[in-house]
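Kindly produce the complete structure, drawing on both the sequences and the hints.
Residue numbers (my numbering), protein chains in the order written: chain P, 6 to 206; chain B, 6 to 206.
Note that these hints are calculated values from the structure, not bench results. Small disclaimer: the values here were computed from a predicted structure and weren't measured. Just to be clear, a hint being listed does not mean it is correct.
Which copy is meant is left open, because identical chains are indistinguishable; a pair holds if it fits in one copy or across any two.
[As the list claims (entries may be wrong)] DMTMM-like cross-link-like pairs, simulated, lysine to aspartate or glutamate; straight-line CA separation at most 25 Å:
(1) LYS84 - ASP39
(2) LYS84 - ASP41
(3) LYS72 - ASP166
(4) LYS84 - GLU110
(5) LYS72 - GLU154
2 protein chains.
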Amino acid sequence: MPDDKNTPRDTSASTKAGASTKTGAGPRVRTIPDGDNRPRLVCPDCDYIQYENPLIVVGAVASWEGKILLCRRAIEPRKGYWTMPAGYLELNEAAAHGAVRETREEACAEIEIDALLAVYNIPRISQVQLIYRATLVSPDCAPGEESEEVALFDWDRIPWDDLAFPSVIWALNHYDEVRDQAVFAARTNALDNAWGEISRD
Amino acid sequence: MPDDKNTPRDTSASTKAGASTKTGAGPRVRTIPDGDNRPRLVCPDCDYIQYENPLIVVGAVASWEGKILLCRRAIEPRKGYWTMPAGYLELNEAAAHGAVRETREEACAEIEIDALLAVYNIPRISQVQLIYRATLVSPDCAPGEESEEVALFDWDRIPWDDLAFPSVIWALNHYDEVRDQAVFAARTNALDNAWGEISRD
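Structure (structure tokens):
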């Protein structure tokens, strides 16, 4: 899904879940392994089973004196559009650590995490996003490798029409909603707000 | 890590991340692929790259008239010990849906999710746990395939000495902490509570 508009990184299924440089190699037959109850990708050459799991994206809505840090993407998908710093959680990394690292990598900025702002579910692409509220420790920021430009936006200057993904819009609105609250329940997107409905399906 | 005490399921790295029935087959050489910056497992036979990602565990602390639903594990790790219903999030599944499904599978119980109780990080085993607070829709429950026994415990009868994992203890204590609160910040474990400290590392 390299062109998926909900994917905050260019790390598509083919590059993140597994890839091979030899045509036809690797797990490629979908079948239910013995003792399992769901179809998995299996390599017909060596019987290796490729379990696929949802991916965790971590990110931060970070502010400096009321201004919001955004990055203009230098990579597909959504090259040229604006996003908060966010990306895939790495192995052996805590979620808040990952948000700090992504902000450092994409915006060369240092932040202090303040609260869990939101958990967004995008089941269509098997993604769970943990977005934190954070404060910049200084206004210093600069484009990292994956950004064309980074900037601190006054709230009324946020480029709403040029945001990269729905979850960027959700996160900015949720940030605004809890702006004056020290303690709040982590927000979620519409799917999960309907907890009464989904819990009985 | 099949014997890891922080793993709420028997779904260890070898069965969840990938497994092969042929000895030595599948991704097994750790090397940094071209264009990457971290070592990955590569299959020397076909060059297939096995990307490894953190896993998401979802679960619920569910109550019925003040009693807490717990399951005694029928499987390793920690067979015979008690846990809240929890397990790995599946592909194309929202986190709250997963908590409902796990409760159905492990305790044959129906719940309604009320709030995100906690996000626990266990970076040593690359696990992020999303634990919800929930209410049973009836006191009906019964052991699912992975449970030897399920029961509704009065708070002062919780088998603290026989809980399966640290995160079960964390979740129960956090449940108690926010028992009377409709709105609260999702809890986390010690690592992430030290946000001021970890955000600058």
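Structure-inconsistent hints, enumerated in ascending order: none
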